[in-house]
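Asker: Here's the letter readout for the chains.
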Amino acid sequence: MKADFLKAITKHQKILHKVCHLYTNTPEDREDLFQEILIQLWKSIHQFRENSKISTWMYKVALHTAITHLNKTKKHTIHKDGVVETIDYHQLPESYGQEDFDLLYMAISQLNKIDKALTLLYLEKHSYQEIASLMGISESNVGVKINRIKSKLKTIMQSKNG
Amino acid sequence: MDELQNLWTTHSEKVVNELQLDETELSNQLIDKANNAIRQINRVMRIDAIIMMAITALFISITFIINLESKYSVSLLLLCMMMFLGVHYWIKHTLINNHDFKNENIANILNKKMKYLRWYERAYYYGIPIIFLGLYIYLQTILLTLSSGVVEFNMSTSLRYSLGIPATFLVHLLTKVFYDWLFGKELQTLESIVEKLNQ
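Protein chains in written order, with this note's numbering: chain H, 7 to 168; chain E, 174 to 372.
Next up, chain H with everything else stripped away, as it sits in the complex:
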């Protein structure tokens, strides 16, 4: 299993790049998170079972690492209507030269860490069932959350589009 680790990671590395791009805005942070995810994948390789999809396992490890990694480097915490929110004062995401994509990216960057994970899985065309299983929440809850995220993204994109 361990001998095939790098082969598997090489084959499915897009997952890691996508997670890193979604959770960071600078190349330095991205590289740091990428390395952290690789270490976590290596550490948990024994947890991976042949009968489960390697991409699902990678998503789970990568998203969990991205979420906990950012928790460690959170800059400030505020209390808003009784809810604790973490604000990251990262610089704005870099431009990819495509207006629509940049706008989508900017809108996603303003979501909280859990919503970012749900958005990524949704945009990557995972079914609600897969998302629920991966995130550990009910399928109906996924639906509710995705709908909420959709309207959030829509509002942000419309306000920025002016």
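Think of the hints as simulated: they come from the structure by calculation, not from any bench.
This one's a predicted model, so the numbers in the text were calculated from it and none came from an experiment.
Calculated pairs, DSS-like style, for lysine-lysine (alpha carbon to alpha carbon, straight line, at most 25 Å):
| hint | chain 1 | residue 1 | chain 2 | residue 2 |
| --- | --- | --- | --- | --- |
| 1 | E | K288 | E | K358 |
| 2 | H | K17 | H | K66 |
| 3 | E | K285 | E | K358 |
| 4 | H | K160 | E | K187 |
| 5 | H | K131 | H | K119 |
| 6 | E | K187 | H | K156 |
| 7 | H | K49 | E | K285 |
| 8 | H | K119 | H | K156 |
| 9 | H | K166 | E | K187 |
| 10 | H | K13 | E | K187 |
Chain H is already provided as a structure; the job is to place chain E on it using the hints.
Answerer: Using the frame of chain H, we list chain E on its own:
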């Protein structure tokens, strides 16, 4: 939202396609965190070696300034010790920086690095105090034989020799403090990465 899914798929694929890494690059990325700590260790190791050389040069100069009768033999001994330490540093530096990525897995590479660093740590903790004790006994013998040519064992000479024990212990403690100051933080980082990989 389907429109957004398509937008995402098209452009995110373009972005990540440019970032594709091969297996070697991924291996390097994986150990990069550990390497950051190693680079820091190498830097302090060089500082450490320079300090050792400076101290040796200072001791040799002192033997000449006070015009010690056996200054040449003492200086030769100090130079031999410096050479021994130089070889030791070179071996450590080479071992820590050379990795067999082709035949070794990452955990093995990191574990080997840790093993070498622990050898280095032990050599530092015990080697330097033992060298100090040897040098202390040698210098006391030279000083005691200056007048009569032989060492007369009495209460006074026994006390002078036995003082070497607490002095050696003090050197051991100072070495520990110095080593921890130089390598402590970096070693902790590396240890935590190795621990994570080995769990």
